[in-house]
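S.K.: Spelled out, the chains give:
2 protein chains.
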Amino acid sequence: MLDYQALKAVAAVIRTGSFDKAARLIHVTPSAVSQRVKQLEERMGAVLVVRGSPCTATETGDWLCRHVEQVELMEGQLFDAWPALSPAADGPERVTLSIAVNADSLGTWFLEALQRFSKTADCLFDLAVDDQEHTAERLRRGQVAAAVTSLEQPIQGCRRIYLGRLRYHATASPDFMARHFAGGVDAHSLGLAPALTFDRKDRLQQMWLAAATGGEPAIPTHWLPSTQGFVEAALRGLGWGMNPAALVAGHLADGRLVELIPGKVIDVPLYWQISRLASAPLAGLTEAVRAAAAEGLETEDRGQGGRQG
Amino acid sequence: MLDYQALKAVAAVIRTGSFDKAARLIHVTPSAVSQRVKQLEERMGAVLVVRGSPCTATETGDWLCRHVEQVELMEGQLFDAWPALSPAADGPERVTLSIAVNADSLGTWFLEALQRFSKTADCLFDLAVDDQEHTAERLRRGQVAAAVTSLEQPIQGCRRIYLGRLRYHATASPDFMARHFAGGVDAHSLGLAPALTFDRKDRLQQMWLAAATGGEPAIPTHWLPSTQGFVEAALRGLGWGMNPAALVAGHLADGRLVELIPGKVIDVPLYWQISRLASAPLAGLTEAVRAAAAEGLETEDRGQGGRQG
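Residue numbers (UniProt numbering), protein chains in the order written: chain V, 1 to 309; chain Z, 1 to 309.
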């Protein structure tokens, strides 16, 4: 069987980013942490922790961390059923759940899910933020136990649940529209007006361009990796961008932002994929995610075309 | 002299993340882009582009990109003085400026600076977001031309300008306070109440703990890499965290958030460091950054203890 004392030290170093903080977290000396990590690495013949500031996990280290989380989750269920088994801990030992989520979900509906779940379970969340097309990769690599993703295809060893569609409007300030699109929104004007792109993984603008122009014109763009910054930059007239409906509904209503082409939206279907090992102990989290998504995303069964009308 | 046609191809691949998009951007075929990049790599004996989805720069590639930006900036000045020299371009060629900025500056005062600057200069921004203690590293590695950083020490080859202090309050919801700090805020209660930490590089909570308790207690924490998400999670009672004064002033005033220890703030001094090569052509940007910082940060010469009172 694995050496769980050593595994716990590895997980603590990776969670806190340093050997010193890990030592304080698990109530041993830093040299004990260092020794446990090193011995486990020697025994496994693999580096688990990339020493640095902060310390990070190797791919193998990530897998071990997820394993520790799942063991902790199962222990939690065991102690619920057999409280007498629970060790007299010095302070409550909380499970830390690693979840990958796309920035726009985090910026709109996802915290509602965590708030709901945290009312029933006393655990900590370690959120990894990435593009919705790349969160699944983190799940596949074992870096997280669950992910909000646009990947429809089930990941091996995971359950997949459809959540709904995150709606995006192509928006800009009225002033920006007057400066760049006075003659209309077409391939030519789009090729000159600065866009906003989240990062190199963000394909939303290209998807919208394809839908709006039938082509994929090269467009000049700012790069701005921040959900809120994206809305703010559009308000300030720095560029046009694809903004989540929930974040711009008010601005569209009061005219501070306008749609480049009214009604031309992009809907991104989102799925909750969760490791089967974690899926039973985390049934409550899945329920909370599903409920928050039902309120915050466009869902077919609403009949009214969804929250944003 | 360097082959600037090839350099432009490398910069386009790195800016757009793909050979196809680069081809559309610089109006040549994808195979021409691929050939130019490959030939330059062979001539320099170094990989410049990490092929992937998206394509990214190697360290050498980053330095070449900054060089291309600086040449473009200097060309801009030249064409301003001698318009006849300007090539008849098919569409305006905009300079893309790479800047590293900490998430909390981006979430508060920094976009005001870009808005001001963009009124006088038609350029694009490529923002890299990192912890204020790590943005300088990107400047040192040649990944960006300028950075908003907490690093006081001037970086080699750079100008450094003091901007002011970004003020942080330790905040939580009244409900969270009642649940976790009914008996007072001390090392014991802080050791049990879930905190919010941005990422492994974020030391603000530890700095506040040291100031508040005189020690560095190990604290349970959520990890939540989002400036706006941090405020939202505090409002939802998920944890306590260090929030920028500008983002929580309203919530503190209306009682939706309260300070853990009233008046116990952390001030982070921020500097603008800019490559000397870029500093003359970017004098206008520096001026805009300075002006926006003077409004958005605490500055000693305000006399009133700053904007947040």
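Think of the hints as simulated: they come from the structure by calculation, not from any bench.
It cannot be assumed that every hint is accurate.
Which copy? The list can't say, so a pair holds if one copy fits it or any two copies do.
[Said to hold, decoys possible] Capping the alpha-carbon separation at 20 Å, the derived lysine to any residue pairs in SDA-like fashion look like this: (1) K201 / A128; (2) K201 / R290; (3) K201 / C55; (4) K119 / P262; (5) K201 / R24; (6) K8 / S18; (7) K201 / D20; (8) K38 / R236; (9) K201 / T58; (10) K8 / A280; (11) K8 / Q206; (12) K38 / T58; (13) K119 / G215; (14) K38 / E295; (15) K201 / A294; (16) K119 / Q77; (17) K201 / A121; (18) K8 / L204; (19) K8 / L25; (20) K8 / V50; (21) K38 / M1; (22) K38 / E287; (23) K8 / A218; (24) K264 / H188; (25) K38 / Q5.
S.K.: Tell me, which hint numbers fail for this structure?
M.R.: Those not satisfied are hints 2, 4, 8, 10, 11, 13, 14, 15, 17, 18 and 22.
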